[in-house]
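Quick note on our numbering: the sequence shown kicks off at 365 and runs consecutively.
Because the hints were derived from the structure by calculation, they are not lab data. Be aware that one or more of the hints could be misleading.
[Stated by the list, open to error] Distance windows between CB atoms, simulated:
1) 919 <-> 789: 37 to 43 angstroms
2) 446 <-> 525: 46 to 52 angstroms
3) 701 <-> 651: 18 to 24 angstroms
4) 571 <-> 873: 56 to 62 angstroms
5) 436 <-> 552: 56 to 62 angstroms
6) 408 <-> 380: 54 to 60 angstroms
7) 421 <-> 626: 35 to 41 angstroms
8) 524 <-> 372: 25 to 31 angstroms
9) 675 <-> 905: 57 to 63 angstroms
10) 551 <-> 626: 24 to 30 angstroms
11) 385 <-> 479: 26 to 32 angstroms
12) 552 <-> 459: 51 to 57 angstroms
What you are looking at is a predicted structure, and each value in this text was computed from that prediction instead of being measured. Yeah, the Cβ is synthetic: ideal placement off N, Cα and C, and Gly gets one too.
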Amino acid sequence: MRLRALLDTPSLGLRLLGGEDELDRTVRGVMTTDLRDPSRYLSGGELVLTGLAWRRAPEDSERFVRILAAAGVAGLAAGEAELGSVPDDLVAACAQHRLPLFSVVEDVSFASITEHVVRQVSSERAGDLAAVVDRHRRLMTSGPTGGGPEVVLDLLGSDLDLRAWVLSPTGRQIAGSTLAGAGPELSTELAARLAGEHLAAARSGRRGPHRVTLEGAGGTFSLFPIRHDGRDLRQTLLSDWLLAVEADAGDWPEERLDLLHGVTQLIAVERDRRDAARTVRRRLAQEVLELVQTGAPPAEIAARLRVAAPVLLPGLGTAPHWQIVVARVEWEDGDVPGGPVAQSLLEEVLVDPGTFGPEPSDRIAVAHTGDEAVALVPLPVPDEPGDSAAAGLHAAELLSVVQAPLGRGLADDGRLTVGVSASVHSAEGLRGALEEARHARRVAAARPGRVCAAGHEELASHVLLLPFVPDDVRRAFTARLLDPLRDYDRRHRAELIPTLEAFLDCDGSWTRCAGRLHLHVNTLRYRVGRIEQLTGRDLSRLEDKLDFFLALRMS
Numbered sequence: 365m366r367l368r369a370l371l372d373t374p375s376l377g378l379r380l381l382g383g384e385d386e387l388d389r390t391v392r393g394v395m396t397t398d399l400r401d402p403s404r405y406l407s408g409g410e411l412v413l414t415g416l417a418w419r420r421a422p423e424d425s426e427r428f429v430r431i432l433a434a435a436g437v438a439g440l441a442a443g444e445a446e447l448g449s450v451p452d453d454l455v456a457a458c459a460q461h462r463l464p465l466f467s468v469v470e471d472v473s474f475a476s477i478t479e480h481v482v483r484q485v486s487s488e489r490a491g492d493l494a495a496v497v498d499r500h501r502r503l504m505t506s507g508p509t510g511g512g513p514e515v516v517l518d519l520l521g522s523d524l525d526l527r528a529w530v531l532s533p534t535g536r537q538i539a540g541s542t543l544a545g546a547g548p549e550l551s552t553e554l555a556a557r558l559a560g561e562h563l564a565a566a567r568s569g570r571r572g573p574h575r576v577t578l579e580g581a582g583g584t585f586s587l588f589p590i591r592h593d594g595r596d597l598r599q600t601l602l603s604d605w606l607l608a609v610e611a612d613a614g615d616w617p618e619e620r621l622d623l624l625h626g627v628t629q630l631i632a633v634e635r636d637r638r639d640a641a642r643t644v645r646r647r648l649a650q651e652v653l654e655l656v657q658t659g660a661p662p663a664e665i666a667a668r669l670r671v672a673a674p675v676l677l678p679g680l681g682t683a684p685h686w687q688i689v690v691a692r693v694e695w696e697d698g699d700v701p702g703g704p705v706a707q708s709l710l711e712e713v714l715v716d717p718g719t720f721g722p723e724p725s726d727r728i729a730v731a732h733t734g735d736e737a738v739a740l741v742p743l744p745v746p747d748e749p750g751d752s753a754a755a756g757l758h759a760a761e762l763l764s765v766v767q768a769p770l771g772r773g774l775a776d777d778g779r780l781t782v783g784v785s786a787s788v789h790s791a792e793g794l795r796g797a798l799e800e801a802r803h804a805r806r807v808a809a810a811r812p813g814r815v816c817a818a819g820h821e822e823l824a825s826h827v828l829l830l831p832f833v834p835d836d837v838r839r840a841f842t843a844r845l846l847d848p849l850r851d852y853d854r855r856h857r858a859e860l861i862p863t864l865e866a867f868l869d870c871d872g873s874w875t876r877c878a879g880r881l882h883l884h885v886n887t888l889r890y891r892v893g894r895i896e897q898l899t900g901r902d903l904s905r906l907e908d909k910l911d912f913f914l915a916l917r918m919s
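Working from the sequences, and respecting the hints, build out all of it.
Printed below as a string of structure tokens:
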């Protein structure tokens, strides 16, 4: 039953004090308690009834509500008999933790409410209880030791006619149904959109499942989070998997929701098992990183790499080439350490988005130090010498895959910046590759946006210098050159800034620039003259062209 159904029964004497937006929560049971910490008796989904005997001071309310919210209860009903009314500090605490709060009038007993809830929940479950128990048994026996997530998803398809997929936070498909005739696979584009919707909904604080209808998707999807523990959401959200079900869970009976939550728990166990297998790779990466950063002899680093290569690329006969990727995740309040988040994120981001299953991430070793994560990516030795230039990861390709979904998970308070080195073929090159990747990440950090990446190929140009210019110098430089033009554009609805950008992009060619802007050459000359008049610069001089070019890049 839903919480709002309680308000439709006047005899229960319930009055809503807060949490109107959460009334669609499902009530799975009821519990009466006056314990200060009842968490060990809660399993989630309960309506908690309390007489407030646990409250000895106003500050007790926040602690009590925090415990209930962490346990996943559906709502709280407080009796008025003890204090005459529900105290304001309890109302505020429930609002803070998004927990629906009801008051119970003095002449209604908790026993009456309990009897009503139990009767409703029991009648809803009675019809299909045997089938639900059987499905749970089958799911538990076919979990991680019985074929992994695919077996669980196959049961959803065969028993409940539900198509479902396990997706990474970037939308890569981890698992899907293997049943014949299960329908077309989820497209890469749609999977990325679903991942973005899930991340945005989770960051907004909405409880799962998240129901979304996307244009062109052909229906409604319900997105179930697959969580590890109760840590701060920002510590796990960017690496957690999700279960996407092609159905609208809004009108599902309680039994079906229970079943899907059980499925997410089974998949979480599988995820934990596979995460544990990464321990060796992470340790190898940490050892190599420490050797490189401390300036160890190349022979010692090479020996460590020879140990790492068979683990990362089993069956490879020759030593691979290597590439280094550096990532940094930063939150504005600084409360959440970025290193572990970036480490988990890189282990997923560096996998080809078109690759199916969890195993490809088993060939990437990622270490972290402070707020920075460093990935050691092995590359097979190219067959032809000329192939090495094109081999490996490219920053632009990484960015195109992860920018949309992860940007929604980072919301308004997080940022991801990534730097990618060139490939190296020996231990001697790893130190330079690490510094190269770090420099590239700083170039990315100088750009606007929540998710930015830069590669080694950009370090040969002027943009390498820009991240190292102090912020106040950058602001003063760009304001001196561009503010007069922006003010003029604003007052006169002119287009001096776009004209300047096009003129520089055309290398000062009047004919090409006029053609690009669809202007007469005389009109273009007039605009450039106005730019020179407002700024006191001469666009026929190389020095002034360069100043304008840098100002536009830094703005």
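When you take the CB atoms of residue 436 and residue 552, is the distance between them in 56 to 62 angstroms? violated (33 angstroms)
Range agreement (Cβ of residue 380 with Cβ of residue 408, hint 54 to 60 angstroms): Between residue 408 and residue 380, where Cβ atoms are some 21 angstroms apart, the hint is violated.
Is 56 to 62 angstroms right for how far apart the beta carbons of residue 571 and residue 873 are? holds (59 angstroms)
Should the hint that residue 551 and residue 626 are 24 to 30 angstroms apart at their CB atoms be regarded as holding? Holds - the Cβ-Cβ distance for residue 551 and residue 626, about 28 angstroms, lies within 24 to 30 angstroms.
Could one say that the CB atoms of residue 385 and residue 479 fall in the range 26 to 32 angstroms? At roughly 28 angstroms between Cβ atoms, residue 479 and residue 385 fall inside 26 to 32 angstroms, so the hint holds.
Note whether the CB distance of residue 552 and residue 459 lies within 51 to 57 angstroms or breaks it. The hinted range 51 to 57 angstroms is violated for residue 552 and residue 459, with Cβ atoms some 41 angstroms apart.
Using the C-beta atoms of residue 524 and residue 372, is the stated range 25 to 31 angstroms upheld? The hint (25 to 31 angstroms, Cβ to Cβ) holds, given that residue 524 and residue 372 are roughly 29 angstroms apart.
How does the Cβ-Cβ distance of residue 919 and residue 789 compare with 37 to 43 angstroms: does it lie in that range? holds (40 angstroms)
In this structure, is the beta-carbon distance linking residue 701 and residue 651 contained in 18 to 24 angstroms? holds (21 angstroms)
So does residue 421 sit 35 to 41 angstroms from residue 626, Cβ to Cβ? Given range 35 to 41 angstroms: holds, Cβ gap about 40 angstroms.
A range of 46 to 52 angstroms was offered for this pair. Does it hold for the Cβ distance of residue 446 and residue 525? The hinted range 46 to 52 angstroms holds for residue 446 and residue 525, with Cβ atoms some 50 angstroms apart.
Can the suggested window of 57 to 63 angstroms be confirmed for the beta-carbon pair residue 675 and residue 905? holds (58 angstroms)
Figure legend: structure checked against the earlier numbered hints; hints not met, in rising order: 5, 6 and 12.
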